[in-house]
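Student: Chain by chain, the residues:
Protein chains: 2
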Amino acid sequence: MGWNTGTIVERSMRIALDAMGGDSGPAVAVRGGVEALQHIESDFELLLVGDPEAIEEELEGQNLPGDRLRIVAASEVIGMGEPPVESVRRKPDSSIVRGVQLQESGEADAFISAGSTGAILAASILILGSLPGTDRPAIGALLPTTTAHPTLMLDAGANVDCKPQQLEQFAHLGHIYMQDVEGRASPRVGLLNIGVEAEKGNELTQEACRLLEESGLNFVGNVEGRDIITGLCDVLVCDGFVGNVALKFYESVSEYVAHLVSRAAAGADMFVDLQAICRVLDYAEYGGAPLLGVDGVTIICHGDSPARAIRNAVRVAARSVESDMVEHLRRELAELAGGKA
Amino acid sequence: MGWNTGTIVERSMRIALDAMGGDSGPAVAVRGGVEALQHIESDFELLLVGDPEAIEEELEGQNLPGDRLRIVAASEVIGMGEPPVESVRRKPDSSIVRGVQLQESGEADAFISAGSTGAILAASILILGSLPGTDRPAIGALLPTTTAHPTLMLDAGANVDCKPQQLEQFAHLGHIYMQDVEGRASPRVGLLNIGVEAEKGNELTQEACRLLEESGLNFVGNVEGRDIITGLCDVLVCDGFVGNVALKFYESVSEYVAHLVSRAAAGADMFVDLQAICRVLDYAEYGGAPLLGVDGVTIICHGDSPARAIRNAVRVAARSVESDMVEHLRRELAELAGGKA
Numbered sequence: 205m206g207w208n209t210g211t212i213v214e215r216s217m218r219i220a221l222d223a224m225g226g227d228s229g230p231a232v233a234v235r236g237g238v239e240a241l242q243h244i245e246s247d248f249e250l251l252l253v254g255d256p257e258a259i260e261e262e263l264e265g266q267n268l269p270g271d272r273l274r275i276v277a278a279s280e281v282i283g284m285g286e287p288p289v290e291s292v293r294r295k296p297d298s299s300i301v302r303g304v305q306l307q308e309s310g311e312a313d314a315f316i317s318a319g320s321t322g323a324i325l326a327a328s329i330l331i332l333g334s335l336p337g338t339d340r341p342a343i344g345a346l347l348p349t350t351t352a353h354p355t356l357m358l359d360a361g362a363n364v365d366c367k368p369q370q371l372e373q374f375a376h377l378g379h380i381y382m383q384d385v386e387g388r389a390s391p392r393v394g395l396l397n398i399g400v401e402a403e404k405g406n407e408l409t410q411e412a413c414r415l416l417e418e419s420g421l422n423f424v425g426n427v428e429g430r431d432i433i434t435g436l437c438d439v440l441v442c443d444g445f446v447g448n449v450a451l452k453f454y455e456s457v458s459e460y461v462a463h464l465v466s467r468a469a470a471g472a473d474m475f476v477d478l479q480a481i482c483r484v485l486d487y488a489e490y491g492g493a494p495l496l497g498v499d500g501v502t503i504i505c506h507g508d509s510p511a512r513a514i515r516n517a518v519r520v521a522a523r524s525v526e527s528d529m530v531e532h533l534r535r536e537l538a539e540l541a542g543g544k545a
Numbered sequence: 205m206g207w208n209t210g211t212i213v214e215r216s217m218r219i220a221l222d223a224m225g226g227d228s229g230p231a232v233a234v235r236g237g238v239e240a241l242q243h244i245e246s247d248f249e250l251l252l253v254g255d256p257e258a259i260e261e262e263l264e265g266q267n268l269p270g271d272r273l274r275i276v277a278a279s280e281v282i283g284m285g286e287p288p289v290e291s292v293r294r295k296p297d298s299s300i301v302r303g304v305q306l307q308e309s310g311e312a313d314a315f316i317s318a319g320s321t322g323a324i325l326a327a328s329i330l331i332l333g334s335l336p337g338t339d340r341p342a343i344g345a346l347l348p349t350t351t352a353h354p355t356l357m358l359d360a361g362a363n364v365d366c367k368p369q370q371l372e373q374f375a376h377l378g379h380i381y382m383q384d385v386e387g388r389a390s391p392r393v394g395l396l397n398i399g400v401e402a403e404k405g406n407e408l409t410q411e412a413c414r415l416l417e418e419s420g421l422n423f424v425g426n427v428e429g430r431d432i433i434t435g436l437c438d439v440l441v442c443d444g445f446v447g448n449v450a451l452k453f454y455e456s457v458s459e460y461v462a463h464l465v466s467r468a469a470a471g472a473d474m475f476v477d478l479q480a481i482c483r484v485l486d487y488a489e490y491g492g493a494p495l496l497g498v499d500g501v502t503i504i505c506h507g508d509s510p511a512r513a514i515r516n517a518v519r520v521a522a523r524s525v526e527s528d529m530v531e532h533l534r535r536e537l538a539e540l541a542g543g544k545a
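So the sequence lines, in the order shown, correspond to chains A and B. The numbering used here applies: residue 205 is where the first sequence begins, and numbers increase by one. The numbering used here applies: residue 205 is where the second sequence begins, and numbers increase by one.
A few of these clues could be false.
Since the list gives no way to pick one copy over another, a pair counts as held whenever it fits inside one copy or between any two copies.
Unchecked claim - With a straight-line Cα cutoff of 16 Å, these simulated EDC-like cross-link-like pairs (lysine to aspartate or glutamate) come out: (1) Lys452 x Asp508; (2) Lys404 x Glu286; (3) Lys404 x Asp365.
Hints in this document: simulated from the structure, not taken from any laboratory.
With the hints as extra help, turn the sequences into a complete structure.
Tutor: Spelled out as structure tokens, the structure:
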């Protein structure tokens with residue numbers, strides 16, 4: 205167990221990672237965490253949450269800095285199909301509940317999981333709570349675009365029936381995230397709609413458009429489905445139903461195309477341009493989806509995340525903590541609520 | 205003018221084509237119509253609606269069966285950006301209004317246009333009217349899938365705020381269309397949703413799911429965004445907001461990928477598999493989007509439709525007329541309304 209015998213050093217932040225989440229269990233999650241320790245510059249300690257035996261088995265033979273890695277025992281696992289709120293209540297010693305609690309108790313600054321999205325969402329809301337001024341948190345999905353930068357689409361599925369005010373809140377959440385974590389100076393905010401003109405859309409987007417025009421944000425107007433991948437905006441606001449359909453649709457198209465391209469590429473000398481297709485469509489590039497609007501840092505990864513996606517999620521978590529994103533969100537939302545009062 | 209000097213023969217159906225619609229004007233529309241005459245087996249007469257001089261110019265030098273082609277003069281054109289209802293009212297001699305009227309007056313059996321979707325929709329509703337039992341007609345988009353058959357997604361944009369009963373109507377419209385025009389024996393109907401379980405979704409889809417379960421249709425349940433292109437169902441029901449976003453998103457991804465693939469393919473020996481990507485993603489393959497629920501046959505084509513898409517739209521229109529689709533829709537909707545009464 206050479207990995208935890210080093211000198212104890214107080215690291216500037218601690219990131220908790222659900223070692224049990226994801227379709228491949230501890231193997232991929234632990235490998236992603238180990239890669240993060242090896243490749244990410246930030247000064248953090250990694251807390252692997254889950255079954256100690258299973259985790260130690262995955263760590264066997266790894267040469268790791270002992271003072272940067274710790275196991276936090278959790279005896280239960282919430283399965284992908286379990287009802288979210290009920291499973292969170294019934295499994296207090298699950299890796300998801302324990303992992304989120306580490307922030308509440310001050311033992312960690314962020315939590316990452318590739319487990320059940322619903323359970324991560326429920327645990328984060330129940331344990332961390334929402335930031336004042338947020339009706340409900342939103343899932344932000346970083347979508348690769350045809351430019352060098354991703355677009356943050358939110359909500360990607362946490363809120364299926366939204367009010368216009370919630371869409372405005374999502375815009376503020378996304379604005380701060382893209383400033384703090386992605387380093388965009390003045391993020392362009394767009395509203396996903398069925399036409400570019402301000403009067404276009406359904407009842408929800410027509411009213412949300414009016415609110416966003418007066419929001420003080422860098423609102424670039426309505427954005428159509430055809431411009432989701434063109435990078436026309438940095439933050440793309442929509443309700444969680446539309447966002448979830450669009451996200452899953454995108455993933456399926458990209459998976460399918462990547463499959464065909466790589467199959468063809470295996471037997472032929474391919475042009476570099478074709479690799480660009482895979483790069484553009486590879487949503488794993490951005491690691492995970494931040495849950496924005498909770499009083500803490502929660503990153504939700506895909507169930508079938510490869511180790512690289514987990515590693516990138518750790519990078520996103522580290523940047524979120526380093527930039528003090530949650531405090532910026534708290535301030536932005538308080539101002540928003542104050543302006544309305 | 206060798207193209208209209210033949211013997212007059214009464215054809216079994218007449219299909220009107222807007223010669224002025226689409227981004228490329230008469231050139232592409234007329235070429236598509238001519239190709240349809242040359243390649244489609246059905247016994248139809250083609251009515252080209254628009255500016256006679258411009259149309260004759262495009263027909264110059266073509267060797268065409270004179271008894272199968274006629275020009276119907278229309279002096280006005282509705283532009284892509286004009287307000288739909290207003291432009292239909294203010295331009296009674298536009299190619300769209302005249303073209304739709306040909307069905308009302310019994311001079312044609314179908315109308316095809318690559319002009320303004322909003323104007324085609326407005327003209328069809330105002331002039332042809334909705335079928336009894338239909339709150340509002342829906343636009344059906346034929347999406348290529350990874351199988352050999354397309355999925356009909358509706359509504360693709362005509363109704364941005366829907367009631368559950370409308371989604372049920374869409375299912376019946378799509379059911380008849382896929383039976384009559386695409387020859388599916390028992391079309392599988394799916395509901396676009398954010399999870400497969402019956403209780404998933406927003407208020408609209410939760411209630412629509414219950415209605416569809418009792419509809420007597422071959423309802424296969426909720427379908428997620430990831431299964432839009434996998435051909436899991438023949439008819440995919442959704443509200444027009446989600447459908448429009450998904451359709452435009454799909455088109456943009458496919459255009460982008462097709463662009464990259466063809467650029468790479470131009471300089472390399474490519475495997476056939478790569479051509480499969482373009483085929484799957486090529487929505488022009490299916491020609492046009494039927495407007496379902498109006499008392500007539502209206503096919504809406506993309507503004508940038510190539511001639512092949514126009515030709516395929518004529519094929520779809522011919523099949524719709526030959527199969528007596530509108531009468532089947534009338535019967536199905538009457539039964540639906542009767543069952544509810």
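Student: Hint by hint, which ones does this structure get wrong, listed from lowest number up?
Tutor: No numbers; nothing is violated.
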